[in-house]
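Number of protein chains: 2
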Amino acid sequence: MAQRTDVTRALAEWIVDCDIAKIPEAVQQEGVRTFVNWLGCAVGGARHETVDRALDALTQFSGAPTSTVIGRGERLDALHTALINGISSHVLDYDDTHLKTIIHPAGPVASAALAVAERHGISGRELLNAMIVGVEVECRIGNSVYPDHYDRGWHITGTAGVFGAAAAVGRLLKLDVQKMVWALGLAATQSSNLREMFGTMTKSFHPGRAAQNGAASAYLAAAGYDSSNQGIEAPRGFANVLSTKQDYNEILGGLGETWEAALNSYKPFACGIVIHPTIDGCIQLRNETGVGANEVEAIELRAHPLVLELTGKREPKTGLESKFSVFHSAACALVRGDGSPTAFTDEAVNDPTLIALRRKVHVTTDPNVHEASVDIVLKLKDGRTIEKKIERAIGSHEKPLSNAQIEAKFRGQAAPVIGAELCDKLLATAWKLPSLGKASEVTAASVPTPVQLATA
Amino acid sequence: MAQRTDVTRALAEWIVDCDIAKIPEAVQQEGVRTFVNWLGCAVGGARHETVDRALDALTQFSGAPTSTVIGRGERLDALHTALINGISSHVLDYDDTHLKTIIHPAGPVASAALAVAERHGISGRELLNAMIVGVEVECRIGNSVYPDHYDRGWHITGTAGVFGAAAAVGRLLKLDVQKMVWALGLAATQSSNLREMFGTMTKSFHPGRAAQNGAASAYLAAAGYDSSNQGIEAPRGFANVLSTKQDYNEILGGLGETWEAALNSYKPFACGIVIHPTIDGCIQLRNETGVGANEVEAIELRAHPLVLELTGKREPKTGLESKFSVFHSAACALVRGDGSPTAFTDEAVNDPTLIALRRKVHVTTDPNVHEASVDIVLKLKDGRTIEKKIERAIGSHEKPLSNAQIEAKFRGQAAPVIGAELCDKLLATAWKLPSLGKASEVTAASVPTPVQLATA
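Chains as they are written, first to last, in the numbering used here: chain A, 542 to 997; chain B, 542 to 997.
Chain A with its partners taken away, still in its complex shape (with noise of 0.2 Å):
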């Protein structure tokens, strides 16, 4: 594509030009989809120990309290709060997908959007709206940049979220384009996170920080604060300078037609997306054949370069460590047919009959088997052979998680943090949102009293 030097300037005037008449009906349902399941996911990693140290560390230095912590209710200023509830809403690695980069939108879009929303007093449908563009830019980022910025080693929920964040906040904030034009700006020369933290309480950082440095972002550009007027596009702009890659035509080309926002999926799994596949099958052979781990001989995998290469973990320590395990996640889903979050818990990975199993785990890597699917052989000292060819797994945009699973995950998420009583009634806010005249009707179903912990 030849040089282009309007491409900031023309999202930007997509973002304030697009109310929520513009949205189809269909992209505004997958958006509650999208926010149900980030509510989820935030609440069931809201006691982690990452979310207690970033707070110990952070509180100090919150503003004036105007937002609340989801699933505690510590109230800290939006900034704040978009950076925590960002956290935790990763920590388990069990949240949206953007298959086609692998960005998980709602972290840095959702988590900045509701803090900013409860903020202001925003409604649930304006959350919605801006939400609903700022995962549309972020992915749209991050489709003009991939495969080859992720290749590199950015982390492009971070890279790219930041983008949707200050898209989101700055409709929140009703910047006009020119102001919005500086928002991306700002969002574009703090555009950074390295893949490099996987494994660690920093991968997690990633999306709360790309939600509050984006949402500074729309603040400092509604101050008056200048940027660039071509932040992704000029030469030493984000595109350039973080990429090889630039197809600016994934950005503007059929904007407001084709819709990213609806290409979001829902992991089934707690874990990195690319052993969904070996989980989902190895549940099916589970639940089809009834073997105990005692009767297994061999796991075999042929799965894309991909799999060793982010989940290649063989000898995991920590829950954390384990979600990067492709081998204790076939073992953990054959022997107890567990791919949530209590299959990656300290207990689990130390369990010695799980350790044994994924020790006979095998990986055979094939760059023309695609990284959606997986084959699976596993071998019986009984001397059966059961085949397993998964083409994509459960919760893939092939085989969506319906409603009712959403709603099963939250459950298996929240339930254990807040209680299943507020849980139920969080989960009937939460799918009303585009009719709450608060968004922060929300945030506050989601805190428990301490009656509701006694009973929990």
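Be careful, since some hints might not be right.
Since the list gives no way to pick one copy over another, a pair counts as held whenever it fits inside one copy or between any two copies.
Said to hold, decoys possible - DMTMM-like, lysine to aspartate or glutamate: derived pairs with alpha carbons at most 25 Å apart: (1) Lys858 x Asp717; (2) Lys979 x Glu912; (3) Lys641 x Asp692; (4) Lys786 x Asp689.
The hints are simulated quantities; they were obtained by calculation from the structure and are not laboratory data.
Go by the hints and put chain B onto chain A.
For chain B alone, coordinates are given in the frame of chain A:
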């Protein structure tokens, strides 16, 4: 160099170990000069519109006030104070320069360290120690990736500065080695900032945000928020993702023996460093010839291509833009003998005499001319031709500013903002940094009372 896996840890060990007794006296003295120069710049920029707008946007998000905005007196939390002082110290493009990398070292490091020192009641000596270590870390990391990293479009003051701020604040918080490693990892994943932002308010945001994010990295690590152990050197860490050059010997070689912090230089002119030889030469020509603007036929410059690349604005419209115009700078130096902040105002850039003269400035680029040199040919209407060859400009490492010149620069910036009397008091306090019981004596001395302002 072969792949190394201990760069971040070895650096962290040195940071933790490097008490003031291990810093040579001459390096300490340069550290004080760095501090004084930075402080003058921060006071000089304190009332700039860029600072006003940042405060307008972000004061609402500040936590409990523990630290002081230099030269103004607003009190904010330490992280926001670091941001604002980082912005004000850079906004006049008058701050210090590590000439090997064009890093402006003090902005990220001193802004973070002083705000945190004030919050915790830390002594001037400890602040000086932390600042020198932080500058050393920042410049060495810069050296390891320069020039490729900068050429690619990264604003190295921000990308390297965040490490320096993390190191300095990590020392003030007395992090152990493991936590210092995490702080550097958190800094690595926040390393960003694009050169595209030059000429906008967002350029000054870079050292400020690097200060704020580096300090936050140290606070997070102190609370046990973990990160990569190889944030700098991992295949998907800072150096590999943000550069094609990775020379880790620049980071670890001679650590504690040779000092990049001793190579800091201080700008005599309030603009991009590559124009300094031109301004120096034109001021000399003015003093030697006494020519008036209407006697000039042409000013011909032969300079390194970087000069036009960085400062090639032919028709700057604002004071800010004029800092990136070698044409305006040459004209203003020849007519007014001025390279101080008053040379780069909206008034100066719109002066008809200077507009006419800058159009007579012609630049020939030649890669064989050193970046720090220039050949000037002044052609007069009466047929005379006067040549001036500037090998190195005043303020360069070869021709450093004396303490008296640093003081004159300080007064030229600070007195108009806080009054001459307070300016003298502040300067005296700043030079005494190593013996101050509390570093915050400096910030207190920088704030004018209404009475002082009225008599200024």
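Which of the numbered hints are not met once you compare them with the structure shown? As far as the earlier hints go, only 2 is violated by this structure.
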